[in-house]
Each structure stands twice: as structure tokens, then as C-alpha cells.
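Spelled out from the first residue to the last, the chains are:
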Amino acid sequence: MIIVMGLPGAGKSTVMKGVSADVKMLNYGTLMFEIAKEKFGISNRDKIRKLPVGQQKEVQAAVAEKLSSESGKVVLDTHCSIKTSKGYFPGLPFELLSKLDVEALVLITAKPEEVFARRQNDPTRDRKDDVKLEDVQEHDDMNRALLAAYAAHRGCPAKIIYNAQGKMEEASAQLQAILE
Amino acid sequence: MIIVMGLPGAGKSTVMKGVSADVKMLNYGTLMFEIAKEKFGISNRDKIRKLPVGQQKEVQAAVAEKLSSESGKVVLDTHCSIKTSKGYFPGLPFELLSKLDVEALVLITAKPEEVFARRQNDPTRDRKDDVKLEDVQEHDDMNRALLAAYAAHRGCPAKIIYNAQGKMEEASAQLQAILE
Amino acid sequence: MIIVMGLPGAGKSTVMKGVSADVKMLNYGTLMFEIAKEKFGISNRDKIRKLPVGQQKEVQAAVAEKLSSESGKVVLDTHCSIKTSKGYFPGLPFELLSKLDVEALVLITAKPEEVFARRQNDPTRDRKDDVKLEDVQEHDDMNRALLAAYAAHRGCPAKIIYNAQGKMEEASAQLQAILE
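Residue numbers (this note's numbering), protein chains in the order written: chain A, 250 to 429; chain B, 250 to 429; chain C, 250 to 429.
Heads up, some of the hints might be wrong.
Since copy identity is lost for identical chains, a pair holds within one copy or between any two.
[As the list claims (entries may be wrong)] Using 25 Å as the maximum straight-line C-alpha spacing, the simulated BS3-like pairs for lysine-lysine come out as follows:
| # | residue 1 | residue 2 |
| --- | --- | --- |
| 1 | K322 | K348 |
| 2 | K381 | K360 |
| 3 | K360 | K286 |
| 4 | K381 | K348 |
| 5 | K299 | K322 |
| 6 | K315 | K360 |
| 7 | K416 | K286 |
| 8 | K266 | K335 |
Don't read these hints as lab results, they were simulated from the structure.
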């Protein structure tokens, strides 16, 4: 399994769409939601985080089991960290990571200035002024440090791919080289 | 338990004093000293580090046990890392961290330039020229990377609070929001 | 055991040569190769990475066992991370690190601008233009984050030594102070 993470606004989804490798793409959030809905009847993704910690861990373990049962090359699309008012939640806590058979970790990012500008210009975002440039920088720094911790834990390689403005094909090509 | 750490000179103690939440504040160094004094008769804090490693671990385990027995919301005040001539000692090695029930990690920091200036102006410091601005930057970078590793290990959120010059109330308010 | 790592081009080997402490210096890559040659008949170092993962882990475990049997002070010379097209491979994955009795971790580095210039001027390097200044910066950042994760895992100090241009004696003296 290859795990692909990204900084919000860095263009992870578009970079992933540019990849033509014969791989199965799975989204961690979607898997969590499907299992949480089935087990605990929640109605939307935001409610996963409101489940008691024990139930969240049960869902997490079920997702890990489902992922382990996949054959062939699988790409898992998830967050490196989720920014909340309580701080950054790590997307791959060691307890989860130790249940997965990880071949490589990939972080898709971009220059904070570019991410900041993209977020400002995104018509789907309501509040354009809720994040400052230095907040984007802090999130990117935290993601890189988390990436290193995940890699040290698993002993697998960690790749940083820059999705530079106007060079998405290059970013997709780098990702494809890892998936092949 | 919520663990609050800080860069020396960032003003952790003053930010913590500005919090009015109904929490029990405990200092890790004080707990270590009390137990080390009782068990091994040491006379001051600096001697903890000179105990044989086995005895240090015994003290650390006793502190972890004491902390686990606390009921209600507890704030543990400790170092993210301690800077020594041998390097940065992590304040929360995984062996300790895995014994604690951590809800959130908080790092109180400030711009290296501000921390540097505060240290220069601190009349209680003897040697004002022993640290350069780039040393403060290095310590802050190391603390952030350690914070990420601790968060990945525990699967809990990690919050960075800036205690900007003249804005201590804002920093205290952010801390209070996490403690509530 | 003290583990010394370095950014390629930062001058780790020369800094280590300037140390006169009475220690046994061992190179992790050499130990890996010797054991892999004996067990699996490989003919050069580059082939270690091409062994099946199970055999690589067998070699790694044998090296860890050999290192544990050493008496007296030992310095282990290894990589903090190895940069490949698949990403950064951590030099001290937790699985290996947990088998070693580590007293201190040392990372020898230098300003990215200086490392970049040294690489450009190195007549033994074939491709001088394959790395940009920002790649050196990224590798250095990743190494520091990995260093923090290793230190958090072991609970041992992590020291960063700068080998500044024209000040190698100072860097060697800092390393010697840790080895004594």
C-alpha cells in the first residue's frame, strides 16, 4: 500500500487524477464513514469525530482490517494532519500505522504562498480570511515533521512532491513513478 | 490529561497564569524531584539527571503512576526538550508517553527574535551572551519536530500557541479553549 | 553506543577524523554489506537494497546483534536518511533503533548554501546539476525531523553539530565532547 497525503489547497486530488497507473484508489475518510454509518448509524462524516473514543478506535481498526484484506497495489488517500481549533490531529497515528502494510509515504504540497493564493481564489470556500500565510506555513511544517515520524515508525521511504503552479503534469509524473 | 510545553523565554508560565479553567496544574520536574528525594535522597533537581539510568527510569515510572491516578482534568507542565551540551533531551520519550492518558499536547512558543530579546533583557539570567538567535531558532524547530513525533505516537492533537509580544491574553484564551 | 549521522556534503567523515577519543568507529553500511555478502553472496553494497525485504530485515537484525555484543564505547556511523527517487529512507527505523543501546544521537550538518557549494566543487561527483539548493534544504529539514523522531523513540539526547566553512576543528571538538 502507498499512502498519499496532502496539504489542503496543494492540489492532491488533481495530481492524483493525472496518474494513469493501474492501482486501486481508496479514501480513508470515506472508508471510515461507511463503517461508522453501518456500525453506529451516523449520518455524516463530521460525526465520526464526535463518537466516543472507544467507538472511533473500533471503526479505525475495522478500516485497517479492510485495507489489509485488499490484494494488488492500493493507494490510500488520507490527511497527513487535520487542523482543528484543538490543534493538528495526526492522520496516521502509530496505532493505525502499525496495522497497515505500507510500501511508501507521499506528501503532496506546494509553496505556502501558492497554497495561500489558491485558497483565497477558491469560490467554494466561505471564509477567505480565516487563515493567514503563516498558518499555511505552520501546517506545512507540521505535516513534514509528521511525515518523518511516520517514516521512522514504518521504516519506509517518504517522498515530498511539490505541485508547483502550472506544473501539475510534473507532480503527477513523480507520483506515477512511485506507484509503478 | 493535557500536556503543556514551552520554549524557554516564550512565557509559558505567564500564559498559564492567565488561564482560569478549573483544572489541576502539575509540574513534571517538581513531581520527579519529590519522588527522587523520597526514594534516593537527592537534595536538588539538578541531581535527578545524575542518578543511574535505572533509578531515573524508576522515578519516571513512579511519576507516570501518580499522574494516572489523578481524577478530573489535569494539566501537566513540562519541557518539550531540554537543551544540554550533549544535545536536546526529549521531555516526553515514548516510554513515558505510552504510560500517560493524553488528550492534547500544547506547545507555547514565540518568534525566535522575541524570545531572544526577552532572554537578553531578563535580569535573572547570568550569561546573556551564551545563546545566539540561530540557537533559539534551532531549539524551536527541534521542539516542533518533537511535538509532531509525540502526537503521532499518541494519536492526539498538537496545538502550537504563539505568545506574541503584548498579546498574552490572546495566548491564554487559546490555552483556555483547549482546557475547557 | 553513540550514533553519528550526516547530511551528504556536510563533511561528516572529516569531522570524525578530527576526533581523538578512544572509541571504536563502526560503519553501518559496511557491517550490512559484510553480513549480506556472507549470508546471501551479494557482490556490492548497492545490492543490499535489492534483496527481498525479509532478507534485508535478517541482515539488519544480524547487524543489530553484532552491535549489541560490542563492549566499550562504540561510535556507529550511518545515514539519517538516504535520498532516493522513491523518497527519503530513514536510516534508523524504530524496528532497528529499538534493538540498539543508544546513549546519544548526533547529526552533522552545515548551511544548505555551503553544502550545495561543496557538492558543486567536488571533482568526484559526476552529475553536478542534479540537485538544487532547495533540495539540499529539504533533505536537511527531513533529517532534523527524523532526528527528533529517533530521539523521542529512544529517550536519548539529539545533538546538531554545524560543520561551518573553515571551522572544522570546532565541529570535531563538539563531537569529541560528546564521545568523552
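A quick look at each hint next to the structure:
1. K322 to K348: within (17 Å within a copy, 31 Å between copies)
2. K381 to K360: The answer is both: 14 Å in one copy and 16 Å across copies each meet 25 Å.
3. K360 to K286: neither (37 Å within a copy, 44 Å between copies)
4. K381 to K348: So K381 and K348 fail the 25 Å test inside a copy (36 Å) and across (37 Å) alike.
5. K299 to K322: For K299 and K322, the Cα distance is within 25 Å only across copies (19 Å; inside one copy 32 Å).
6. K315 to K360: Answer is neither; intra-copy 35 Å and inter-copy 45 Å both fail.
7. K416 to K286: Intra 39 Å, inter 44 Å, cutoff 25 Å: neither.
8. K266 to K335: between (32 Å within a copy, 20 Å between copies)
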